Amino acid sequence: MWQHSYNSDPQIQKLSRNFDSYKTIDWRNEKLLENKKYYNELKSKPSLTFSRPSTQDSIITTISTFHISTLKLIQSRIWSTFQIWFVLTIVGIIIGSIAAIVTILTEFFNSIKLGICLSNIYLTESTCPNNDWYNWSNYSIINFLIFTIISTFFGLLASYLCISIEPLSTGSGISEIKCIVSGFWRDEFLSMKVFLLKAFTLPLTIASGLSVGKEGPSVHYASCIGNIIGKNIINWIRESPIQLSDIIISSAGTGVAVAFGSPIGGVLFSIEEISGKVKLTTLWKTFYTSLIAVSTLKLWNPLKTGQIVMFSVSYNIDWSWLEIFWFIIIGIFGGIYGIITIKYNIKYVSFRQKYLNGNPIKEIGILCLITSIIGYWNPFLRLEMTKVMEILFNPCNKEGDENNEICMNYENQWLLIVFQLILATIIRILLVIISYGSKVPCGIFVPSMTIGCTFGKLLGILVKNCGGNINSGIYSFLGAGAALSGITGLTFTIVVIMIELTGAVKYIIPCMITILTVKIITEIFGNGFGGIADQMIKFNGMPFIDLNEEHKLNIKVRELMVPQVICIDYEGMWSNDLLKVLKYDKGEYPVVEGRKNMMGVLKREVIEKILNDIQGDNNVEGDEIGLIERKFINFSEDNKYGELIETEFLELDINSSAYMIFEIFTEIGSKNVYINEEGKLVGIITRKDLIRFENFEHYNKEGEIFVNEQDEILMDNVYNKII
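Numbering follows full-length UniProt numbering, in which position 45 of the sequence shown is assigned residue number 45; successive positions increment by one, without gaps.
If you're looking for bench data, these hints aren't it; they were derived computationally from the structure. There's no promise every hint is true.
[Stated by the list, open to error] Below, a list of computed lysine-lysine pairs in the BS3-like style, where the Cα atoms sit at most 30 Å apart:
1. LYS701 with LYS552
2. LYS31 with LYS631
3. LYS464 with LYS31
4. LYS343 with LYS519
5. LYS580 with LYS609
6. LYS671 with LYS231
7. LYS556 with LYS36
8. LYS347 with LYS362
9. LYS506 with LYS552
10. LYS23 with LYS519
11. LYS671 with LYS688
12. LYS586 with LYS36
13. LYS556 with LYS586
14. LYS14 with LYS354
Every value quoted in this text rests on a predicted model; they were computed, and no experiment measured them.
Using the sequences provided together with the hints, build the complete structure.
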């Protein structure tokens, strides 16, 4: 069996090293429980009398009873629907408010690195009256030192708070959210502590100057808000993973909506990236929550511009079909950027996990110093990344050009600008590779957009100076979308986000051409594991079934199943033997009669309740085996215990196709499937088993995808000789 080879090879086991951190949700069972609760509630209400009435009075009574029942049923449905949308309203308001506060703090922290507003210290450089803004010094070297010290302090503070209080608040969070909503729950990842730390340290991280973004962390803290509000306002939602999952998906999409000021883009993100399935009810919930959150953000007006997008552009020059060649070049760059950055970022993350985990705060300090020292002298690296994009998107139409360094110096210094853009593109790529995944809240959306933006502007300037009648701002715009698509693996979501972000509706066709080119490049030359969020799931050994992947399961169930099954004897067991069963950490245990004739399943919590009743308290633990009262429990004869057995379970013949298992897990959502041979229980397959098997098969055929043996040798040499 494949399990023996799997369990004996540490390299293969690394592919599932974080499986135990996630609890599998049985969607099928949860739906059954919800239906059961619904029908139990229905039974408790007045219902229609089915006996034939004999008098007119009894007819009236029967009809009135029917109306009362129908009315109460309608009221119940309206009330439960109202509760869900009430929760979504609260979630949207809080997400919008937190996004506004994060934006305000980020702007303030970024400004304080450069100077201070004398009339009001809380105003930023962009909102302070011109005569009241004071740079720290008239000497560049002093400004550079202050800039570097403050940036490094922000990074160190953010890292220290996250690592010392809650390490789960570091990183992006999108990969983990994908696993959670797909049916692998991790409650501590969506806790109040994680939310508060993520929201507070995110502005510090962005202000530190690290080449990371806020969009991934925004998805994470928004999902935390959805989970916290959903669990603590309405009791029945707390007990429903199905409803909680919908709320978290809606919240995740809303996180993108407020981060970009793109409500429709957030809705599409929740479908294309987070859930992977189009569910109309979830779509409407995400749409509504995004609407509420973005409206709240507009009321806060954190940018003091009266608009929700980071910036808007207006291009007077229309695009030409002759420019399609250059649009394709931009798309090729976006695809290559995504492939290279993901590949080497994962290798560096592996290096970090192996050699730098003991000093994560020190690493952040060094990263901040490197970023500040290198970036200060290049305007496209020194400025905050959204400001860089605003400058580069500008078409230089002589209106407002006095605030745009490129427009002011273009005629005389265009070669210098090209050189600065080349350096900015290369250096930013290297900084993203070593910064993303560090021990602070960090995303990769905006850094990637900035890289694509500098490349697009570079190409646009070169084409324009070769005699082309083009708008270089359009090329920046398309470059930003191409790089974002390359790193995330997203397509139509990126098109909508870019259009909403800039308002450049007339360039939707060039944008689609560019994104299509990116998709073709990544499909041909990529490793087939999707964007960076999907590849991080694989690399970090998290449980996830990707519906967009090709699943080659041309085998029989007998080759896939786990033959060792912990069973409970239907004809009876001693209580201390039953307690020993709980030492095996499973959610449910099959009940068998005779020679493995399966009668049903017992949930773990049911067994604990049985043993608690015997012992007389509610604290049965695994180390109390010798203390519990010895009692024989017969499930076949004692109705008290026999009725606790659940007879609804999924069973499949041993000679069935393994693809049937895949269909059951993805379409029905079952946690596990029991395997029988001639009516006898012979094995079990769980969702995690299926993922382990696919990882095992892929490893045997392709070897290590992310970090191979040569990479390990190189890492050892680098660490021993340099560090």
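### Task
Compare the structure with the hints numbered earlier in the document and write down the numbers of the violated ones, lowest to highest.
2, 3, 7, 9 and 10
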